[in-house]
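Novice: Sequence:
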Amino acid sequence: MKIDVKHVADLSRISLTQEELDKFTPQMETILESVSVLKDVNTDGVQPMKAHVKLEDLREDTPETGLTQDEVLKNAKYKENGHIKIYGKVFGSIEES
Numbered sequence: 001m002k003i004d005v006k007h008v009a010d011l012s013r014i015s016l017t018q019e020e021l022d023k024f025t026p027q028m029e030t031i032l033e034s035v036s037v038l039k040d041v042n043t044d045g046v047q048p049m050k051a052h053v054k055l056e057d058l059r060e061d062t063p064e065t066g067l068t069q070d071e072v073l074k075n076a077k078y079k080e081n082g083h084i085k086i087y088g089k090v091f092g093s094i095e096e097s
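Our numbering applies: residue 1 is where the sequence shown begins, and numbers increase by one.
Quick caveat, the hints were computed from the structure, so don't treat them as lab data.
A couple of the hints might just be wrong.
Computed cross-link-like contacts, DSBU-like style, restricted to lysine-lysine with a CA-CA straight-line distance of at most 30 Å [claimed, not checked]:
#1 Lys50 <-> Lys39
#2 Lys39 <-> Lys2
#3 Lys6 <-> Lys39
#4 Lys85 <-> Lys74
#5 Lys23 <-> Lys2
#6 Lys74 <-> Lys50
#7 Lys6 <-> Lys23
#8 Lys54 <-> Lys39
With beta-carbon atoms standing in for the labels, derived distance ranges [to be verified]:
#9 Asn42 <-> Lys6: 33 to 39 Å
#10 Lys6 <-> Val72: 46 to 52 Å
#11 Ile14 <-> Gly82: 34 to 40 Å
Each residue gets a CB set at the ideal place from its N, CA and C atoms; glycine is no exception.
Using the sequences plus the hints, can you model the full thing?
Specialist: Written out as structure tokens, the structure is:
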């Protein structure tokens, strides 16, 4: 089965080098060929699965009172203007004021 890996990468906004395209194209074709055997499976008489969990196994969805803003903020190490201040690799370091 042929697949245009460059097109899929472009749709996914993933940039690939020519080397990566050369590597991934045969891999994707192998994966799709392996999965294509599923289309030959006889599913006559098999009911479609609607949910993995029976609805009677779920609890009643009832609203509950949550924490107030003050209760949430009292345990936050860093806070600013009524919000929790976060930091990490994505956001950079936090500067205490």
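Novice: None of the hints should be skipped; say for each whether it holds.
Specialist: Comparing the hints with the structure gives:
With a C-alpha separation of about 20 Å, the suggested pair Lys50 and Lys39 falls inside the 30 Å cut-off, and the hint holds. At most 30 Å may separate the alpha-carbon atoms for a hinted pair to count; Lys39 and Lys2 meet this at roughly 17 Å. For the suggested pair Lys6 and Lys39, the alpha carbons sit about 25 Å apart, so the restraint of at most 30 Å is met. Taken as a hint, the Lys85 and Lys74 pair is honoured in the structure, with Cα atoms around 13 Å apart against an allowance of 30 Å.
With a C-alpha separation of about 14 Å, the suggested pairing of Lys23 with Lys2 holds against the 30 Å cut-off. Restraint check: the Cα-Cα separation between Lys74 and Lys50 comes to about 44 Å, which exceeds 30 Å; the hinted pair is violated. Distance restraint check for Lys6 and Lys23: the Cα-Cα separation of roughly 12 Å lies within the 30 Å cut-off, and the hinted pair is therefore satisfied. At roughly 27 Å between alpha-carbon atoms, Lys54 and Lys39 fall within 30 Å of each other, so this suggested pair holds.
For the pair Asn42 and Lys6, the supplied restraint of 33 to 39 Å holds, since their beta-carbon distance comes to about 36 Å. Separation of Lys6 from Val72 is about 47 Å and conforms to the stated range, judged on CB atoms against 46 to 52 Å. Ile14 and Gly82 have their C-beta atoms about 39 Å apart, which keeps the hinted 34 to 40 Å range intact.
Hint 6 from the earlier list is the only one contradicted by this structure; the remaining hints agree with it.
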